[in-house]
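Asker: Protein sequences, first through last, are from chains A and B. If you're matching positions, the first sequence starts at 111 in this note's numbering and goes up one per residue. If you're matching positions, the second sequence starts at 4 in this note's numbering and goes up one per residue.
One thing to keep in mind: the hints can contain errors.
Said to hold, decoys possible - Derived BS3-like pairs (lysine-lysine); straight-line CA-CA distance at most 30 angstroms:
1. B/K40 / A/K406
2. A/K377 / B/K40
3. A/K142 / A/K470
4. A/K323 / B/K19
Hints are computed from structural coordinates only; laboratory data are not their basis.
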Amino acid sequence: MSAVILPHTEGQTAKSLRRLTIAAKALSRPVKFMEVCGTHTMSAFRCGLHSLMPRNVTLLSGPGCPVCVTSQGDIDQLIELAKDRDVTLCTYGDMLRVVGSEGSLEQCRAEGADVRVVYSSLDAVKLAAENPHREVVFAAVGFETTTPASAAAVIEANRLGLENFSILASHKLIIPAMRALLESKDVRVDGFLCPGHVAVIIGAAVFQPIVEKYHSPCVIAGFEGPQIVAALARLTELVVEGRAGLENLYSQAVTEEGNLAAQAIIKEVFTPADWQWRGLGKLKSSGLTLRSAYAKYDARTRFNLGSPTGRENPGCRCGDVITGRATPIDCKLFATACTPVRALGPCMVSSEGTCQAWFKYHHVRTPKKVEAGS
Amino acid sequence: MCLAVPARLIDCRGTKATADLHGNRVEISTMLIPPCKPGDWVLLHAGFAIQTLDEQEAQETWAVIKDLRTTGGKP
Numbered sequence: 111m112s113a114v115i116l117p118h119t120e121g122q123t124a125k126s127l128r129r130l131t132i133a134a135k136a137l138s139r140p141v142k143f144m145e146v147c148g149t150h151t152m153s154a155f156r157c158g159l160h161s162l163m164p165r166n167v168t169l170l171s172g173p174g175c176p177v178c179v180t181s182q183g184d185i186d187q188l189i190e191l192a193k194d195r196d197v198t199l200c201t202y203g204d205m206l207r208v209v210g211s212e213g214s215l216e217q218c219r220a221e222g223a224d225v226r227v228v229y230s231s232l233d234a235v236k237l238a239a240e241n242p243h244r245e246v247v248f249a250a251v252g253f254e255t256t257t258p259a260s261a262a263a264v265i266e267a268n269r270l271g272l273e274n275f276s277i278l279a280s281h282k283l284i285i286p287a288m289r290a291l292l293e294s295k296d297v298r299v300d301g302f303l304c305p306g307h308v309a310v311i312i313g314a315a316v317f318q319p320i321v322e323k324y325h326s327p328c329v330i331a332g333f334e335g336p337q338i339v340a341a342l343a344r345l346t347e348l349v350v351e352g353r354a355g356l357e358n359l360y361s362q363a364v365t366e367e368g369n370l371a372a373q374a375i376i377k378e379v380f381t382p383a384d385w386q387w388r389g390l391g392k393l394k395s396s397g398l399t400l401r402s403a404y405a406k407y408d409a410r411t412r413f414n415l416g417s418p419t420g421r422e423n424p425g426c427r428c429g430d431v432i433t434g435r436a437t438p439i440d441c442k443l444f445a446t447a448c449t450p451v452r453a454l455g456p457c458m459v460s461s462e463g464t465c466q467a468w469f470k471y472h473h474v475r476t477p478k479k480v481e482a483g484s
Numbered sequence: 004m005c006l007a008v009p010a011r012l013i014d015c016r017g018t019k020a021t022a023d024l025h026g027n028r029v030e031i032s033t034m035l036i037p038p039c040k041p042g043d044w045v046l047l048h049a050g051f052a053i054q055t056l057d058e059q060e061a062q063e064t065w066a067v068i069k070d071l072r073t074t075g076g077k078p
């Protein structure tokens, strides 16, 4: 794997765009790359990147927004906890407005439920320590970047001997989702723009099997426009060269092996489990559940929640959008019944969601329509 | 959700620290990174430092964020 110096200056951005354009001219067929991080989604739209792309290079948004990939059943369990179990539910702000089968956490809060937005998982532990007679549940959602924080919260609660703290774990792993997409027959992906901050934790080398087994180029990038442009230029050049390589354009933060301390606490607290994803179904070993040593911190067991079921809005196409099978404008609800003010699907709710990105930025110049299933 | 931003450490106390986020002071955990000292730059995510950073790289990232602000984007 090679590491490349990050381009930051305006001149270097222009050079990357030029490289992208030159490489695109050498392509023998149109290509589609996919980013699998909500922050990449938003940054690419905010920078107007889609309008600068050569016509034969498309950047799709994949299952990288944690709010968007969380299944309806998991959201329903959070709402059930807040609404019916008389607990203090702590969540990152992203989850507040996501609509479950019946309402959202924000609606529950308006109706009197004790739902708190926290900046850090440790804020939830502190709340539990300060209120020993009150059950406090932390909504543990997110990919590998966020998982160490949840593991740390469980370890801290255990150290303090808290009996009133638990987590509802819905953490997911990005590699099984990338595998599922590559094995899918109805979505073609020619390469991945890999998530920089997930890679800070799991390390660059973890993407190597994707490159080798599926012959799919992978480029790890940071989150600013210039970094994304450089990554797309490299992806396109790799396709032209017919080479499936792994490159790290975020080498100032991402190492080969990742953050070993973070990996260690994830491994201590969690173990892989089959998990339900919106749009992808149930994927083998794609999520994390608490190890038996920490089972008493599992809110599902503590409150006897059972397996999540969940009922999705039949008109909502978020599941297709986050797997590249459709774009937001293919959904009849988009910008009609479903808007950021009154969102029906998680991709419109989330500030990192593809639908919200399209709603906010696509009026500048509508990105090319992606042929679903091609 | 996976957004992380550069922050400069002001005060370090074991695995806890006070960090400066362009004028905002926040209490963070440094349990995931090697021992650090005031003045060090880290990549901060949801209250946890997840990586140490070179100062020049950190300043360049903030420069890009600032540039996005002045050109109409939100950081």
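Asker: Please work out if A/K323 and B/K19 have their alpha carbons no farther apart than 30 angstroms.
Answerer: Violated - the C-alpha atoms of B/K19 and A/K323 are around 42 angstroms apart, more than 30 angstroms.
Asker: Sort out whether A/K470 lies within 30 angstroms of A/K142, counting only the CA atoms.
Answerer: holds, 23 angstroms
Asker: Would the hint linking B/K40 and A/K406 be met if the CA-CA limit is 30 angstroms?
Answerer: Not satisfied, since the Cα-Cα distance of roughly 36 angstroms exceeds 30 angstroms.
Asker: When you check the alpha-carbon spacing of A/K377 and B/K40, does it fall within 30 angstroms?
Answerer: Roughly 27 angstroms between the alpha carbons, so the hint for A/K377 and B/K40 holds.
Figure legend: structure checked against the earlier numbered hints; hints not met, in rising order: 1, 4.
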